[in-house]
Amino acid sequence: MSGSSNSGAFRIKGAGRHTPARTARFTFDGKTYTALEGDTVASALLAHGVHLLGRSFKYHRPRGILTAGPEEPNALLDVSRDAARRQPNVRATVQEVFDGAKIASQNRWPSLKYDIGSFNDLLSPFFAAGFYYKTFMWPREAWHKLYEPIIRRAAGLGEAPKEGDPDHYASRYVHCDILIAGAGVAGLTAALSAAATGKKVILVDEQPEVGGALHYASTTIDGQDGYDWAQATAAKLKAMPNVTVLTRTTVFGYYNHGFLGLTERVTDHIALPGKDSPRERLWQVRAKKVILATGSIERHMVFANNDRPGIMLASAARSFLNHHGVAVGHSVGVYTAHDSAYEAAFDLKRAGVSIAAIVDSRSNPGEAVLSEARALGIDVLAGHSVKDTSGRLRISSMTVVRNGGANARKIKVDALIVSAGWTPSVHLFSQSRGKLRFDEANQRFLPDVYAQNSISVGACNGTDDLAELIDEAIAAGGGSVAVSGENRFEWTGGMIGAAEGAGPEHAVKAFVDFQHDVTAKDIRLAVREGMHSIEHIKRFTTNGMASDQGKLSNMHGLAIASEMLGKPIPQVGLTTFRAPYTPVTYGTLIAHSRGELFDPARKTPMHALEAAEGAEFEDVGNWRRAWYFPKRGEDMHAAVNRECKTVREVGGVFDASTLGKIEVVGPDAAAFLNLLYTNAWDTLKPGKSRYGIMTREDGFIYDDGVVGRLAEDRFHVTTTTGGAPRVLNHMEDYLQTEFPHLKVWLTSTTEQWAVIAVQGPKAREIIQPFVEGLDISNEAFPHMSVAECNVMGVPSRLFRMSFTGELGFEVNVPADFGPAVWKAIWERAQSLGACLYGTETMHVLRAEKGYIIVGQDTDGTVTPDDAGLNWAVSKKKTDFVGIRGLKRPDLVRDGRKQLVGLLTKDPKEVLEEGGQIVADPNQPKPMTMLGHVTSSYWSENLGRSIAIALVAGGRARMGETLYVPMADKTIAVEVTDMVFVDKEGGRING
Amino acid sequence: MVDSGANVATRTLPLSGVHGGSSVVRLEAAAPAERINLRVRAEDVAALSAALGVDLPVKPKTSSSGNGRTALWIGPDEWLVFGDVRTGLVASAAKSGALHSATDVSHRNTAILVSGPGSAAAINTGCPQDLSLDAFPIGACSRTLFGKVEIVLLRTAEDAFRVEVWRSFSDYAFGLLSEGARDAAL
Amino acid sequence: MLLIHCPYCEEDRSELEFRWAGEAHIARPENISAISDEEFAEFFFLRNNEKGLTYERWRHIHGCGRFFNAARDTISDKFLMTYKAGLPKQPVPASGEGETR
Amino acid sequence: MRKYSVFAIAREAMRAHKGWDAQWTSPEPRASYDVIIVGAGGHGLGAAYYLAKEHGITNIAVIEKGWLGGGNTGRNTTIIRSNYLYEESMDIYEHSLKLWEGLSQDLNYNTMYSPRGVMMLSHNVHDQQSFKRHINANRLYGIDNEWLTPEQAKDFVPVLDISKTARYPINGAALQRRGGTARHDAVAWGYARAASDRGVHIIQNCEVTGIRRGPNGEVQGVETSKGFIGAKKIGVSAAGHSSVVMEMAGVRVPLHSNPLQALVSEPLKPIFPCVVMSNTVHAYISQSDKGELVIGAGTDQYNSYSQTGGLQIITHTLDAICELFPIFRRVKMMRQWGGITDNTPDRSPIQGVTPVPGLFVNCGWGTGGFKATPGSANLFAHLIAKGEPHRLAAGLTLDRFRTGRLIDEAAAAAVAH
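Chains as they are written, first to last, in this note's numbering: chain X, 69 to 1058; chain R, 728 to 913; chain P, 240 to 340; chain D, 5 to 421.
Read the hints as simulated data drawn from the structure, not as lab findings.
Note that the structure is predicted; figures quoted are calculated from it, not measured.
Restricting the straight-line Cα-Cα distance to at most 30 Å, the calculated cross-link-like pairs of lysine-lysine (DSSO-like) are:
id, chain 1, residue 1, chain 2, residue 2
1, R, K786, P, K323
2, P, K328, X, K356
3, X, K756, R, K822
Here chain X stands alone, though its shape is the one from the complex (with noise of 0.2 Å):
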């Protein structure tokens, strides 16, 4: 054979698709190899006589190429780029060459060639399945320590990244009529067909062409050679403007209601992709009916040493040859139950490679494909078996004997092509929640009753007849199209399980699961253990779980159990097909969900000018908030200790916008709030606001908040930072469902306002300027009042109130004027003396005047006498939401966790939140643990520590010691209440 002398040895001219002059260079292994443009790296290889390409899981068996798709349990490789841009795991039967793609081997030390773990073969005796079970149990620390990390180093197949991966990904929702699953012969017609109707149409292939079997089939359809009218009738649909035509793109998963995951390798076979090209994308479709046509996949023979680089499954041969052009040896050996591996002698007879024999382990092979192997002078030893191979990196021979012979003689061969039959492709229709039957006469498992609007058309239906198969594909998809097709040979043939040349079980390792090493032996070595069921034989021998997920192995295996067992197959059951069908990257399910898309950072419209200022933010939520403004020099504690001292002494601004608003209108507004919250409202006045507690039917507290009446039909509720779109889905609840009668609407203003706080001695100075046609006095406007006016000629609304104890306003304006606004009231504040402070300062503020905050103080199992807030529970309503939970026996009794001060004996003391409380630190452990602290800080007001805790029986033991154990010392602590600063109130009006 000649082949062209750059592109490999093994390229047979003019065999397969590609053109020879457009070359692509890789390096394999570090050593530099020329491929043609559409070469696989696995067709590439094997041009140029390569087959090692990996090294097994457990035994570091070498292996080649067993197949031409996406099922290939052996070749899966490490393919980069560059440094960041490196895949493990690929799949060398899938992965297309690209210029300057650098390959490696995997799973192997020091070399492919020579593999120290390969000394795991040798041992193999010991490594039955499951063995891992029975020992590795002495002495106890043994296994996390000693055994575990053995098997870690041992077990894994390729290499994670090591750096963040630079590639970005697409995603998109697409809907349609009827998603075609494959585009084969099946797919194409039900496309033809389902196009002609005028629907909404998406046909998806995962190879690079369309085409499927027709990629190395000798089909003729339409006159034409079955692979160019694939791609005639693929440009005709793409031309449709209802049809989509996707290749290189996987239908990953089927899931509930027509909803199908696909993903599409957008950039992976490009040498240099665009910038903005994604490097996959996934698709998200929902679908009114999905046609599957995903064929089929070709098993391999069960027989000793059927493992050896260089054997494969036939139709990968001619995949290899008739697309590719490459031959996959110079003498092949063919071992088979099916006669589709003659077409594969056949074709390879014709391109000049040498057929060393057709061993056929049936007596009675197909007559159509015995005359033609005749015809080309092809030995046939039908009633045999390869009973095992030889060759340590590849195989050299292969021992052929009649069955139930005992001459066996070897066949020298460089490579041994196999077919066991064909395995329908159910894997979508099982993901769809269809119940699978058993076709007992062919051996498989077919499409039985559907879950979803779906249908199953051609090889993956089980229908083999071609002309059966185009008029079930027509028929599927709708529409009325004439296509006829004609294969060369009909087949026969197929079988599951070991096959004669499994030899005695105990003697061979004969394959069933390539990639996790699983054998005939270990399968029944399981069911002798009692593994019955084929969900304890699979995870026994971890048969099926490998990368692949059983695609080949699974049926193989199930019968081989089966017949252990005496039971026919459908007893034994079959494994559920899980998505995905292939492996998905986790970039593309994620696509633009990362960085700044990962989660939406919340701003304040301040923000930029908080940011000017300095602030360090938090997240508190999504949002993020100033959290402290430190000055040149200042740590974290240094700025918290000026901005509490001079909100104190002069004032402060804070940007309270991110709190939760809800508008509350209609002329039930005041009795729909009397439901939801403990207060009651209805004696509210407008023009005042009212601390409101809010529960749930249990009775603890849910949320809280100021809410101000603006009209008799109108109030202004604020709720907690977090807690604003729970709080409005609850009341909503409410609204739609309990109390559907009140005449009352929610609306979320949250952003319609921008609220500037303003608090300290001087707050009524620094905003008084700004304030048009209100008298903001005490007297006018006292403690929780609330108005609307105008703030420098904006419509505004002003409510009166304190979150730290002292004389306080906050000033709710339309978000686009926030900016103009905070900067002109921090101006005066700042010439006043004023500072800006963030949440600590206000957490330390609101702290020393016992204020509680809902999700710190309370964590959802505290009533609001826990809390001390026994006063905002209306004593007089007859319902609100919680009246009954918290009545009930565990919520009243005595003893319980309430909220109460702490002071440290040494005021230096800083208490670590989330310390426990006990009386006895002496006790031995478990200790009885009376509560925690919730909130703690310095008070550089107060020139000592503060605490808040919730302890049980607290307000009994105002005055007692008690303790919090820390892991170096102990704290005493002494009870008080919670007011730690201006215990009068006065502050408050300045």
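Please build the complex by placing chains R, P and D on the supplied structure of chain X, with the hints as guidance.
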């Protein structure tokens, strides 16, 4: 109230001056608008329509325009009505004399205008709705999701959409639209 | 990802727009403050958790905002029907087991 | 029972492993038993084992509608830890952890308990307050749990991104070094083998269809797909199906069954040394001995018995994982699956007596079932044998939903996994 002056506040839009897109999608911030969230019972829809000068659509997923105002059906008793600034929507609604709730959300939302042949594809990068013309014709509108944020989507032309989004989510929405616009051009 | 028919929007929409809201047709007792601890526990905590036909509430939270009711088979996750809040429990046809083709 | 050891393996290696016995038998049911346990997951099988071993009751059947260990035992992400907040939780999970430490030896079955450490990432002040509350409570209770700085966390997990520019930067972590993982199948199989060896009948592919009650309401046995089987006592430990089984006795339990999804990557060489969890971004991850990254995704929002869930749950978990570990973006998801978790209103389990004499329940383990397996099984055995709860499980009663004395780990610390 927007006039500049020593003591009069000026307006800062969340996406002020931002634009972007690709060869098939143009992205730009919409002009400031006045918006109300309007809640009305079925029996009072006519009165509010008359007062606002725009018919409140009662068919789901539809909108209507009139007198420089656009009303989007959001829910069975809920509309988003917007118009130019200083159009006085709250006051107009009040003139109806009928029971309703009109809440000013002019500053809560901001809007991004998406135009060009790749608009639908760009939006479908994060929006799970079917944006084909059959399913989402011109004038169709819906509150929906865009990636991880909620939006209100209005189709203003065959290849143009208005995306209303809460202001603090607008950076995210614009960023994701930019990604979608880039991919739509491929 | 489920596909849910919103009875207010009169259209099938992606589950992403919806939030599940628990078992349907559990009325808050009129005289809630008078019921016993056992009755309260029943009202607040006990749910049918049916294997098979279940009546549940959903909210079209990122759509029209309405709460509504649905009948769904919890084995197949198929929706048998959805209907507006406030309507009584609707009878539904038996959940189909799928069909052979 | 043939003892497992390296010597036994060596002997068997010489004769092609022909000498191994079945790990458990598959007998036909007797007419009646002293105790029937419904559900042959880790909890049910373990309870049978401890009833036989510690309480001398061996006339037991464990009845399973599918195959043993095929429910949540075989579908979880195998995380073990005991650093919970409330005493009731600490009691049971720490009891469990102590049993895990000696379980392989006790069962003569390598359950591969691997105390590689469970690290919970703190991303903000709120996380930090919550974690420290746990750490302090754990320490005073005698349970290990420690605070790490971001740098210490990175030392422990070198692939962790602790940069300040991350969307949710890490400000520390809580680490329980004794926490870790175990091999889920081995737990079910080890208990099954040890229980079977003590005479327990494990009846697979047998669905309970009814619970027969006597004149005084007491249990008399179960109706099954293999006919009636009598029993003096019945313990229900049916995880996601507990509602269905309890309903047969007219007992309602406050449960929601929700799909919980998980996924594994293709196998990789060792890169991830421990278990890492983050409540703020909702993700947890470890690496199996086979090299797969094992990632727990979230719970679907609706109740379902379908063992499947939406793709959006998976993608939302993966974006969080890749935000914490950007190097994993090119890694591939190999398999995803779902289980059915049974969740109570306070996300803590129910184990106790029921209003029906002779009927005991163990359910509501939510996402905590695997780690609790030995402890729960051990205490459930005690409950069935003595008719009243063990001190360590006394707080897990059904009655707490009447009194309001909930064990609300979720309320106290976001999502409990």
